[in-house]
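Dock chains X, R, S and L with the ligands against chain H, hints included.
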Amino acid sequence: MTLAIQGIGLTRRFGGFTALDNVDIAIRQGEIRGLIGPNGAGKSTLIDVLSGRARNPGGQVLLNGVDVSRLTPQQRRKRGMARSFQRTNIFPELSVEQQLRIASWAVEDADTDEVMDELDLRALADRPAAEISYGDQRRLDLALALVGRPRVLLLDEPAAGLTMEESLDLARILRDLANRWGVTVLLVEHDMQVVFSICDQITVLHLGRSLSEGSCAEVRANPTVIAAYLGTEA
Amino acid sequence: MSLLAFHDVHALYGQARILNGVTFEVGAGERVALVGRNGVGKTTVVNTLCGGTRVAQGRIELRGRPTKDLRGYSAAQNGIAIVLQGRGILPNLTVEENLLLGGATARRGPWTLAKIQELFPILSERRSNPGWALSGGQQQMLAIGRALMANPDLLILDEPSEGLAPVIVDDLAALLVQLGTDGMGILLIEQNISLIHRVAERFYVLSKGSVAESGSLHNVSRDELQGHIAI
Amino acid sequence: DPLRVGVPTDLSGTYATLGEEVMRAVRFATDEANAQHGVAGHMVEIKSYDTEAKPDLARRQSEKLVSEGYTILTGTIASGEGLAIAPLMDRWGSIYISTINKADELTGANCVPRVFRVNTQSAMDAATVKPWLAQRKEKKWAVVAADIAWGRGSGALFDKAAAGLGKEMVADLYTPADINDFAPYIEQVKKSGAEGVWVVLAGRDAVNFAQQAKQFGLTRTVTVAGVSFTTDGTVKTLGDAAEGIYGIINYSSTLDTPENQSFVKAWTAKYSSPPTNFEGETYLGMQVLFQAVKQANSVKPDDIAKAMSGGEFDTILGKLKLRAEDHQLLKPNYFGVVEKVDGVLRPVVKTTVSAADVAPAVTCKMPS
Amino acid sequence: MTVAAGDVAPRVKTRRGTPLLLVLGVAALVAGFTLPWIAPSKVAMSLMAQSLFDALLATSVGFLVRQNGRVSFGQAAFFGLGGYVFAILVARSLVTPEVALVLALAVPTLVAFLFGLVVARVTGVAHAMLTLAIGQALYEIAFRWRELAKGDDGMSFDLPARLFGLPTRGLQDPAVMVVLAWSILVVALLGLKLFSQSRTGQIAAAIRDNEERARFIGFSTTLPRALVYAIAALIAAIAGTLQATYNGYIAPQMFHWSLSGAALVMAIVGGAKFIVGPAIGAIVLFYIKDLAGQFAEYWPAIVGTVLVVVTLVMPEGIVGLIKRIGGLGQRR
Amino acid sequence: MLIQLLNGVVYGGLLYLLSVGLVLIFGLRQVVNFAHGALFMIGAYIGYSVAAAGSWWGGLVVAVVAMAIAGCVLDATLFRALRKQDHIVTVLVTFGLLLILETLVTVIWGKAYLRYPMPDLLSGTVDIAGSPFPVYRLFVIVVSIVVALSLASWLRFTRIGLYVRAASTDARVTSIQGINVDRLSLIVVGLGTALAGLSGVVAGPLLSLSPTMGNYILIDSFIVVVIGGMGSFGGAFVAALLIGQIHNFGAIYLPWAGTMLPLLLMVGVLIWRPTGLSGART
Ligand SMILES: Nc1ncnc2c1ncn2[C@@H]1O[C@H](COP(=O)(O)OP(=O)(O)OP(=O)(O)O)[C@@H](O)[C@H]1O
Ligand SMILES: Nc1ncnc2c1ncn2[C@@H]1O[C@H](COP(=O)(O)OP(=O)(O)OP(=O)(O)O)[C@@H](O)[C@H]1O
Ligand SMILES: [Mg+2]
Ligand SMILES: [Mg+2]
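Chains as they are written, first to last, in this note's numbering: chain H, 1 to 234; chain X, 235 to 465; chain R, 466 to 833; chain S, 834 to 1165; chain L, 1166 to 1447.
Isolated chain H (complex conformation) (with noise of 0.2 Å):
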């Protein structure tokens, strides 16, 4: 079984604060997999790590068994990683056809129509993304990372702010991709009906560390999961 993604000893301090401690995680090609945990449990900071946004982070990532710990996010979305962002980072000035035609051609080219007609942006497509809603960043910024069908997707929260409906066609979107084109997925997200419908592992991670791992329902099950993380609703 090849492993799509893998990090290996993962770790990230701010000053005296360990946020990631020694965290590994792999991935195997067309898996997604959940990633859930308290605020602050260094999730975010995980993707960070991985797509090579945080500046000297300990341990090493490895796409498809190659080693990428030193190089450039670009030179990792070129190799087929892609991701999207907690705190909506598009480009504001750019109209929405613009900025994703643009995504496009740093992957030879890729169509945009298809992302635009799945994450329904079609209709705001010559609006600048600094005046359409939140929620409709929020589906352009994974839009963003969507582009050109990318081996492997880092998704942070892409649910937050979208509509019921939305988060459900969104999970469609994703298990789609998984199955039809083997793309692998981490899947960071609070909305446990997205994660519990279409993950086939769920990796929980508490303060930096790596608390439990599993398929939904053993996590689902996991008393300390519930207590720390999952509450009632669940």
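Source of the hints: derived by calculation from the structure; they are not laboratory data.
Mixed in with the good hints there might be a few duds.
What the hints assert, rightly or not - Listed below are several chain R residues computed to face chain L (Cβ distance under 7 Å; list not exhaustive):
| id | residue |
| --- | --- |
| 1 | P649 |
| 2 | E652 |
| 3 | R669 |
| 4 | G682 |
Said to hold, decoys possible - Cut-off 30 Å, straight-line C-alpha distance, at most; resulting in silico cross-link-like pairs (DSS-like, lysine-lysine):
| id | chain 1 | residue 1 | chain 2 | residue 2 |
| --- | --- | --- | --- | --- |
| 5 | R | K701 | R | K512 |
| 6 | R | K604 | R | K632 |
| 7 | R | K632 | R | K730 |
| 8 | R | K595 | R | K605 |
| 9 | S | K1122 | L | K1249 |
| 10 | R | K815 | R | K786 |
| 11 | R | K512 | S | K1026 |
| 12 | R | K730 | R | K830 |
| 13 | R | K786 | R | K759 |
| 14 | S | K1026 | L | K1249 |
| 15 | R | K656 | R | K604 |
| 16 | S | K1156 | R | K529 |
| 17 | S | K875 | R | K765 |
| 18 | R | K815 | R | K701 |
| 19 | X | K442 | L | K1249 |
| 20 | R | K735 | R | K805 |
| 21 | R | K786 | R | K730 |
| 22 | R | K512 | R | K735 |
| 23 | R | K604 | R | K815 |
| 24 | R | K701 | R | K735 |
| 25 | R | K512 | R | K765 |
| 26 | R | K759 | R | K595 |
| 27 | R | K605 | R | K805 |
| 28 | R | K529 | S | K1122 |
| 29 | R | K784 | R | K595 |
| 30 | R | K815 | R | K830 |
| 31 | R | K512 | S | K1122 |
| 32 | S | K1156 | L | K1249 |
| 33 | R | K605 | R | K815 |
| 34 | L | K1249 | X | K349 |
| 35 | R | K771 | S | K875 |
| 36 | R | K701 | R | K805 |
| 37 | R | K529 | R | K605 |
Positions of the beta carbon are idealized from the N, C-alpha and C atoms, including for glycine.
Okay, now just chains X, R, S and L with the ligands, sitting in the frame of chain H:
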């Protein structure tokens, strides 16, 4: 007496008309939800209240008084605190300073720095960290805490559950209900059906810049609520 | 025909005060001539444009003046301005009379037939220092000079003069342009043990240096002298901070020739203060111009140029010759000190060095 | 800074736009030849030529703002460098005049490229100050190094008799220079327009907008930005070389920050969001200043008042105002 | 050595007084104030006129008050109208203002250099390390330290100070907390210009007065602001002292570098930390 009321409000960003006759009101101790799809204008309602749009027509009342010339500070000075969408944390100020800023109107009430730090212990742990060093969810807690610091009569929350862990959303639901019971008005703008369902008594559905539907949420199931919103 | 004189000068830049003085002198001379029905019947018309003391702007404004018929140019301040417009006189069919520019090249390496200079160049100032320095008892000297062409050149000339007279140079300090605080330089002069300091600073720098030197008590212990340092203008600003400072004087209203005294009298009557050095020098330029017009009996630049080159003119400094080889007016130069005259501080001439003694060597190869 | 929403043409429009652009360009070039005839006098022509040098310099600054979102307070560095390299090489006959010309354009371009690699990550006022620093450093060198080009006095030089086999006398004739400068300006504007529609141009715009995201969608961000610095510097160098040639004179003021600042002001007055804005701003301000010069010493106050009023009335510059008025007309 | 060090502090102190005003105004109004040098200059001229009429200290007070009022007027008229514009556009306005103010001064006071008198109390010298040192320079040091300390504690420990810092990062969010940012900025801009006036008067007896006197020092102040980290008060203080020392020791040990040293320092700092010493995130 209503704390906040919009009567047939039309509002524009530049040339673009976003609100087309919005009417709603929230009274003391009421827990009201404002819902709708992305881009219908929910946040624009909040912005309008803060003077961020041009009001072409209609009337906005604060505590029953029609208010012309709304400014950023008008709401706060009338006892309305807002949890902004996207959080609006001041990145260079420390966590504690962010909280103190919430108390700028110096209204007295149950919420003090200590109380908030008790509610969200992380805000006490990180009190001298700059705002930008918090995780997304921690920032959301800070935004909620900051709004409470104002001891408002009306609390407006624009998608507060965003980025919060489910346990914390549970706590938030309980908190909002309690606040309402204690007499604070709550205007909750949300996508999280379960949170709306647990908190709100009444709802307004916004569609294409005006209120398409409204009603009580007593004895309405989650699915029915979902149906209302999906207009 | 009227005699049209264009005055491209600095009205708003670093040397705006000098520009004001230039304009005042040009206007005075013009009014005087027009009151007598013009120069040989030609009424004088003047027009000025602001050059901000920038060479390229000086070029543009001069071109405009010439094209509007003001073909006799005078009044630029910075040497760079003069050097920038000089080569264009031929193309424009105009002439330029320098009254303030100090660069030797203007009538030296870069001399051209249509450029004349009535003021002293740096080499002439250097020749004026020597006799004074020779009789001073201070052995150790320091130079504080502006780090520009004029400052460097003038400082080097002083070094040479001092060396020739067996003095010891203990510090050579060149200060960058537009500096505000001279404290570090003042401290260095103090430390060097200099008994005398030769200052080559002008305008704002001169005022700041003198003022701060006094605050640090430098002027009490060290003899201070300089060139363009204590002009009438800076002395007026400085007040008692300037008292006792020695310096080269290119023109002074205190000069005791009958021509000068009647000029000073008329001037004082009009402006209620005596003319400054720059005003005197500019007026001198106008005098030379007017006489050349009379001698040529024409207002055509070509004819005026012919009359100027090698001509002799009656001026406020007496009868002076404008050398044909390089178009430098051979004029005397002065050395003096700032002291009270009628209760007012001003530079007062103590020694006169004759025109022959300060006349610079001819380095010009006049192109035909 | 910002690009107006409508300014970034969607793909379809671009393709249709290009031929139209070329037609416009050719028309403008042809129109340039009438300039010597419509000018009322030789001096008017000369002023026109000089305003065009300003226009080129302002275009250079404006382009940097528009394309990289970086404010430069030191664009005169490249203007001066172009002029100095050409004048010094020619005056000392170090190389053939043709090589001198090429170097006069290549050296500033290269310097700017390297500079861009290093400083592009600095933004805002800090960036403006960095650019000011290189301009002032060159200024100080030119000002104090007398052996190089006579230091603060500046240096006159004679043009070589022929350049690329053509006689150079005309280069100091306003009638010739005005046509030449105009043609260069038109070609430069066209080139910039095409660049900003090109992929690299659009990528640079994306980088300006959000550098971090540009990296995460897979672009290296240093090169496109450095390229923009280089192109902007090339235009400034052309302007500097033209001015030096026309005047037969160079002086350290060519590097001075006040010239850079003036160029920036021209660019904003014209409208830095638009490619033609800076050039128009430069020409308008050139004549306003020239007119104000009639009031001798009070001209700064007049120009100052114009600036304040212009900003309040048309924050997007002259071209912005024209577009807005045009836009209103269309909408009705 | 000690004297040179002190001289560095004097110049640094002056720069601090000027730059901190720039920082205040930039923070609240996002205006890069090119007219700041002109305000400094006008402060000096106003002080000069009053001092010439008899009272040096009166000149100080009048200049500071007049400039504070001028700042409030500026804020209420121009800056408020410009608050939605790009920084770069506001530069035009302040640049235009600079030109207008300079002309105004030449009309009222003329172009000639003027010498600012020294207060009797502070003229004279004291011996420091065996060498006379002007008392007035010590006064400059004291003034800048007092201003720095009071400003720092105002910003750090008072509510208004907190609001100022908040509004400097995000005016919209701050006003939604119930703070009238327009009124706040009236105070802050007024304070900034008052400090410009104060530094004008304080600099007066050291530098000669001329309509362009502000331009020379403005660039150094901008260098200070940028090195300190745009918008950082503490950073500005450190940077000002640094530039003061560089200015002094550079003149002694590296005279060939001339006025380039502060610029070089700035380049070094910015390449090392693009956001300046304080490294504040924006
Ligand atoms: N730059 C920083 N400096 C100091 N601490 C930081 C910094 N960035 C993040 N942290 C801390 O590191 C921890 C992990 O943050 P991270 O953003 O990874 O959390 P998260 O799991 O994504 O949480 P959330 O669900 O709230 O988004 C948090 O406690 C946060 O406060
Ligand atoms: N600054 C702006 N200028 C122009 N139009 C804007 C601006 N901000 C928002 N809009 C438009 O106003 C409409 C309403 O946006 P608003 O942010 O109020 O939506 P919302 O209901 O809050 O959506 P969401 O659930 O995504 O937050 C959208 O169509 C958006 O494109
Ligand atoms: Mg996170
Ligand atoms: Mg919203």
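Consistency of the hints with the structure:
no. : hint                : in the structure
1   : P649                : holds (4 Å)
2   : E652                : holds (6 Å)
3   : R669                : holds (6 Å)
4   : G682                : holds (4 Å)
5   : R/K701 <-> R/K512   : holds (28 Å)
6   : R/K604 <-> R/K632   : holds (5 Å)
7   : R/K632 <-> R/K730   : violated (42 Å)
8   : R/K595 <-> R/K605   : holds (15 Å)
9   : S/K1122 <-> L/K1249 : holds (29 Å)
10  : R/K815 <-> R/K786   : holds (24 Å)
11  : R/K512 <-> S/K1026  : violated (44 Å)
12  : R/K730 <-> R/K830   : violated (41 Å)
13  : R/K786 <-> R/K759   : holds (16 Å)
14  : S/K1026 <-> L/K1249 : holds (28 Å)
15  : R/K656 <-> R/K604   : holds (15 Å)
16  : S/K1156 <-> R/K529  : violated (35 Å)
17  : S/K875 <-> R/K765   : holds (20 Å)
18  : R/K815 <-> R/K701   : holds (19 Å)
19  : X/K442 <-> L/K1249  : holds (28 Å)
20  : R/K735 <-> R/K805   : holds (23 Å)
21  : R/K786 <-> R/K730   : holds (25 Å)
22  : R/K512 <-> R/K735   : holds (21 Å)
23  : R/K604 <-> R/K815   : holds (21 Å)
24  : R/K701 <-> R/K735   : holds (19 Å)
25  : R/K512 <-> R/K765   : holds (17 Å)
26  : R/K759 <-> R/K595   : violated (38 Å)
27  : R/K605 <-> R/K805   : holds (28 Å)
28  : R/K529 <-> S/K1122  : holds (14 Å)
29  : R/K784 <-> R/K595   : holds (25 Å)
30  : R/K815 <-> R/K830   : violated (35 Å)
31  : R/K512 <-> S/K1122  : holds (17 Å)
32  : S/K1156 <-> L/K1249 : holds (20 Å)
33  : R/K605 <-> R/K815   : holds (23 Å)
34  : L/K1249 <-> X/K349  : violated (38 Å)
35  : R/K771 <-> S/K875   : holds (27 Å)
36  : R/K701 <-> R/K805   : holds (12 Å)
37  : R/K529 <-> R/K605   : violated (51 Å)
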